[in-house]
Amino acid sequence: MHGVVMTGLRAFVIQEQSRAKWDQVKETAGIDGDNYTRMEDYPDEEFLGIYKVLLDDSGASDAELQQQFGQFLFGEMADMYGRIYFDDEWGALDMVDNVEETIHQSLKLRDDSGFTPPELETERLDEGGIVVLYGSDRHLCEFGKGLIQGVGNYY
-17 MHGVVMTGLR AFVIQEQSRA KWDQVKETAG IDGDNYTRME DYPDEEFLGI YKVLLDDSGA
43 SDAELQQQFG QFLFGEMADM YGRIYFDDEW GALDMVDNVE ETIHQSLKLR DDSGFTPPEL
103 ETERLDEGGI VVLYGSDRHL CEFGKGLIQG VGNYY
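Just so you know, we're using the working numbering here: the sequence shown kicks off at -17 and counts up by one.
Think of the hints as simulated: they come from the structure by calculation, not from any bench.
It is possible that some hints are incorrect.
SDA-like cross-link-like pairs, simulated, lysine to any residue; straight-line CA separation at most 20 Å [what the hints assert, rightly or not]:
| # | residue 1 | residue 2 |
| --- | --- | --- |
| 1 | Lys8 | Val(-14) |
| 2 | Lys127 | Leu47 |
| 3 | Lys127 | Gly73 |
| 4 | Lys127 | Thr10 |
| 5 | Lys34 | Arg(-8) |
| 6 | Lys34 | Phe68 |
| 7 | Lys3 | Asp44 |
| 8 | Lys127 | Gly111 |
| 9 | Lys3 | Ala60 |
| 10 | Lys34 | Gly134 |
| 11 | Lys127 | Lys3 |
| 12 | Lys34 | Glu9 |
| 13 | Lys34 | Asp16 |
| 14 | Lys34 | Met21 |
| 15 | Lys3 | Gln50 |
| 16 | Lys34 | Gly73 |
| 17 | Lys34 | Ala60 |
| 18 | Lys34 | Tyr18 |
| 19 | Lys127 | Ala2 |
| 20 | Lys127 | Tyr116 |
| 21 | Lys8 | Gly57 |
| 22 | Lys8 | Glu28 |
| 23 | Lys8 | Tyr24 |
| 24 | Lys3 | Asp23 |
Derived CB-CB ranges, DEER-like [stated by the list, open to error]:
| # | residue 1 | residue 2 | range |
| --- | --- | --- | --- |
| 25 | Gly41 | Ser118 | 23 to 33 Å |
| 26 | Gly15 | Val113 | 35 to 45 Å |
| 27 | Glu109 | Gly41 | 33 to 43 Å |
Every residue, glycine too, gets a C-beta built ideally from N, C-alpha and C.
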């Protein structure tokens, strides 16, 4: 899992709940340490372990929690990377339409990365909409929906 997701998960839990909750969730998941950085990659199992504990404690459905986290994370990424990856001329649909080519492809080119983002295919619709096909071995489609909702919130 990309470090941006891991640092975002930590920020999500701390902001929405507390630092004590983050520590408790990690401990329950059997995760030592807290040295996540945005540019490192981490085992998917680490993210999924923390997420499962968070889900069990939340009272939310899996879909609801994934979407909430996706919306939160897009806001974090916009703050961090907006000047690098976002074109000033883009609107929300342009952003979604350009994620695969602009962001995912540049991150895949890093020599030190085992980054395996989901694959996105987009098709613009005449009536001002977009169709997004999301493929991932992680089965976090609702997280992808949350990211797209975050794009809408941002624009």
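Could you work out which earlier hints the structure fails to respect and list their numbers in ascending sequence?
4, 6, 9, 10, 11, 14, 16, 17, 19, 21 and 24
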